[in-house]
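A.B. asks: Using the sequences and the hints given, assemble the complete structure.
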Amino acid sequence: MAFVAFGSQAPTKDQNPTKGGRVALWLLLPGLFYLALFFITPLISLIITSLKQPSLSGGIGRYDLGVEFGNYAYAITQYAPQIFRSFSFALLATVLALAISYPIAYFIAVRARDRPLLKGILLTLVVAPFFISFLLRTFAWKQIFSNDSLIVNLLKDVGIFGSDSYIIGTNFAVVFGLVYNFIPFMTLPIYANLDRLDLRLVEAGSDLYASPARTFRKITFPLSMPGIISGTLLTFIPISGDYVVASRDFLGGPDTAMIGNVVEANFLRIQDYPTASALSVMLMATIVVLVSAYVKRSGTDDLL
Amino acid sequence: MAIDFVARGQDLELKGIRKEFPGFVAVDNLDLKIPAGEFFALLGPSGCGKTTTLRMIAGLESPTQGEILLGGKDIAGMKPHERPVNTVFQNYALFPHMSVLENVAFGIRQRKVAEPLPMAQQALAMVELEHLAQRRPQQLSGGQQQRVALARALVNRPSLLLLDEPLGALDLKLRRQMQIELKAIQMEVGLTFLHVTHDQEEAMDMADTVAVMNNGHIEQLGAPEALYERPKTAFVAKFLGQSNIFIGKVAESNSETTSIDFNGKKITGLTSRSEKHTGKIAIGVRPEKTNFHEEEPAATSGLNILGPGEITDIRFTGVSNQYQIDIPDVGEITVFAQNVGRSPVIELGAKVFVSWKVEHSFGLADLPSGAEEAE
Numbered sequence: 026m027a028f029v030a031f032g033s034q035a036p037t038k039d040q041n042p043t044k045g046g047r048v049a050l051w052l053l054l055p056g057l058f059y060l061a062l063f064f065i066t067p068l069i070s071l072i073i074t075s076l077k078q079p080s081l082s083g084g085i086g087r088y089d090l091g092v093e094f095g096n097y098a099y100a101i102t103q104y105a106p107q108i109f110r111s112f113s114f115a116l117l118a119t120v121l122a123l124a125i126s127y128p129i130a131y132f133i134a135v136r137a138r139d140r141p142l143l144k145g146i147l148l149t150l151v152v153a154p155f156f157i158s159f160l161l162r163t164f165a166w167k168q169i170f171s172n173d174s175l176i177v178n179l180l181k182d183v184g185i186f187g188s189d190s191y192i193i194g195t196n197f198a199v200v201f202g203l204v205y206n207f208i209p210f211m212t213l214p215i216y217a218n219l220d221r222l223d224l225r226l227v228e229a230g231s232d233l234y235a236s237p238a239r240t241f242r243k244i245t246f247p248l249s250m251p252g253i254i255s256g257t258l259l260t261f262i263p264i265s266g267d268y269v270v271a272s273r274d275f276l277g278g279p280d281t282a283m284i285g286n287v288v289e290a291n292f293l294r295i296q297d298y299p300t301a302s303a304l305s306v307m308l309m310a311t312i313v314v315l316v317s318a319y320v321k322r323s324g325t326d327d328l329l
Numbered sequence: 027m028a029i030d031f032v033a034r035g036q037d038l039e040l041k042g043i044r045k046e047f048p049g050f051v052a053v054d055n056l057d058l059k060i061p062a063g064e065f066f067a068l069l070g071p072s073g074c075g076k077t078t079t080l081r082m083i084a085g086l087e088s089p090t091q092g093e094i095l096l097g098g099k100d101i102a103g104m105k106p107h108e109r110p111v112n113t114v115f116q117n118y119a120l121f122p123h124m125s126v127l128e129n130v131a132f133g134i135r136q137r138k139v140a141e142p143l144p145m146a147q148q149a150l151a152m153v154e155l156e157h158l159a160q161r162r163p164q165q166l167s168g169g170q171q172q173r174v175a176l177a178r179a180l181v182n183r184p185s186l187l188l189l190d191e192p193l194g195a196l197d198l199k200l201r202r203q204m205q206i207e208l209k210a211i212q213m214e215v216g217l218t219f220l221h222v223t224h225d226q227e228e229a230m231d232m233a234d235t236v237a238v239m240n241n242g243h244i245e246q247l248g249a250p251e252a253l254y255e256r257p258k259t260a261f262v263a264k265f266l267g268q269s270n271i272f273i274g275k276v277a278e279s280n281s282e283t284t285s286i287d288f289n290g291k292k293i294t295g296l297t298s299r300s301e302k303h304t305g306k307i308a309i310g311v312r313p314e315k316t317n318f319h320e321e322e323p324a325a326t327s328g329l330n331i332l333g334p335g336e337i338t339d340i341r342f343t344g345v346s347n348q349y350q351i352d353i354p355d356v357g358e359i360t361v362f363a364q365n366v367g368r369s370p371v372i373e374l375g376a377k378v379f380v381s382w383k384v385e386h387s388f389g390l391a392d393l394p395s396g397a398e399e400a401e
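These protein sequences, in sequence, are chains W and R. Residues in the first sequence are numbered consecutively from 26, following the numbering used here. Residues in the second sequence are numbered consecutively from 27, following the numbering used here.
Mixed in with the good hints, there may be bad ones.
Stated by the list, open to error - Restricting the straight-line Cα-Cα distance to at most 27 Å, the calculated cross-link-like pairs of lysine-lysine (DSSO-like) are:
#, chain 1, residue 1, chain 2, residue 2
1, R, K41, R, K105
2, R, K209, R, K292
3, R, K264, R, K302
4, R, K275, R, K264
5, R, K105, W, K243
6, R, K138, W, K243
To be clear, the hints were calculated from the coordinates, so they are not data collected in a lab. Note that the coordinates shown come from a computational prediction; the quantities given were computed from them, not determined experimentally.
C.D. replies: Structure, rendered in structure tokens:
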């Protein structure tokens, strides 16, 4: 119905409903064209590639059209640990990012509401990391955590670390890097939601005998669910496919590879395109299933 | 949590309440006593400190100094959720993510009542909304939301119910209907109601006692009739209804009457209905207490007569006609004449005299703002 507003006679409702609809369709065309060209086409190409079989004429990186479902079975058996690790890391990093971001977002949106200067400074601080390349920032953490760094030496000196302990290449380093990189993506949607929180509802809660903790649990938190859901989606989905943080060039090691790293290796180094494609398709399918189940369970439509 | 459910309302007493915000004083040394079971209205223009006063009683603001006694106990230091006080908020503040029933049950759930839902149902029945219990607040009309907010507060049986301009968002007709319902519910439950409003008709219609607030303090407090018939300050005379006010030096004052010399004309009031009897004072009269005449009335001691003047404006408001009469040396006088169809036919520009009975004058304790500098 919102499309009707684009028609020339928006307020008079039943002029000619199909006319407004047609205008809307024309307006949609560029978007549909873009989607078809840059999303549907590569997706079909990816699925076709994932079903290809090795070329009979031989040669590395040469494949013929086929319907080889074995590529999927191979990818699963071969890369089960990486698949499992990807989703575990993504889940863990999302939960940690939420735990860190929510208080930040709450503070900026609610506590600093009447202090525009403080609010501006804090928001800038949240966004500031974006001004520096994602690769550079991750690389900086590699320096900070490297084997001869101040932190590692300090941990050794106080006896928490043994002489042969290290940080780079551990699960900790990878999850840390993921959380760090994705905190703004979690903080901003939650902030945007809490910024619109009607504080009179919180006052009404306390007026109705709810302690501050209960008011938060019964009113503020449920009302901020849409923000939490967008934040977790914006974090979980990219982390599941991330291949920078966990790579050996950055914070990862041989035992921290995620799906993204395997896909990258198969596409660019081993040139096993069908397996790489099969992994990509499975990653996408899994995310779609997980995310729809999640969104459905959280019942965001109740809140809107 | 030890919040007592009470069967009846409790006394509220404010002692020397002061509230400072950065840069201004919102409430200045306020003393107020509201007896249990009374419907009390705080009336004033926006920015007079009435909402701040209400928020301090609810615990949403803390007073800079002073005591808030409820049933004799000082609650000024208590957190809002510990106070046996509930509020009907100006924009209702219903929880959008809960059903109407859950909204109403919210308070009693926090107080660990055994069966909150039947109690909430009962409260909804009282405001005649039990059939909408499962709806979301945003699916209800403004008047229905207002009633849900009322049920949500009343179900807790608070010692004191605070109403923060609860009818402000409703249209006139619904407003009048809700006023009647609200008053009926208050009589039924017998709780103490503190109603904050800027609508003088609403305050006079519903409240047992009205306190008129201005600039952070109470100008005058009393029964609606007393406030209207006998305003004591210029602010009350002008904020509560309309008034014609005349300022002049006292020319004569005895035990019966007090007269001022107003630009050479004598205006008289009863000494018992005057706050001051010496110096420069203001005497007023309500427009509906005045009459106009085409012929000069015979001068008697019981009548103030001014004129002749010219009618400069006539406004038809339905129940009455409002006339502006410009009298040389006197200024503009407003006269209300009931629309009973037997008033003389008067046209714009007609020359008339204005009169009113001496006992309808009231003498004020202060002068209207700006009057002192005028001379």
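A.B. asks: So, for every hint listed, does it hold in this structure?
C.D. replies: Going through the hints against the structure:
{"no.": "1", "hint": "K41/R - K105/R", "in the structure": "holds, 19 Å"}
{"no.": "2", "hint": "K209/R - K292/R", "in the structure": "violated, 44 Å"}
{"no.": "3", "hint": "K264/R - K302/R", "in the structure": "holds, 18 Å"}
{"no.": "4", "hint": "K275/R - K264/R", "in the structure": "holds, 21 Å"}
{"no.": "5", "hint": "K105/R - K243/W", "in the structure": "holds, 18 Å"}
{"no.": "6", "hint": "K138/R - K243/W", "in the structure": "holds, 15 Å"}
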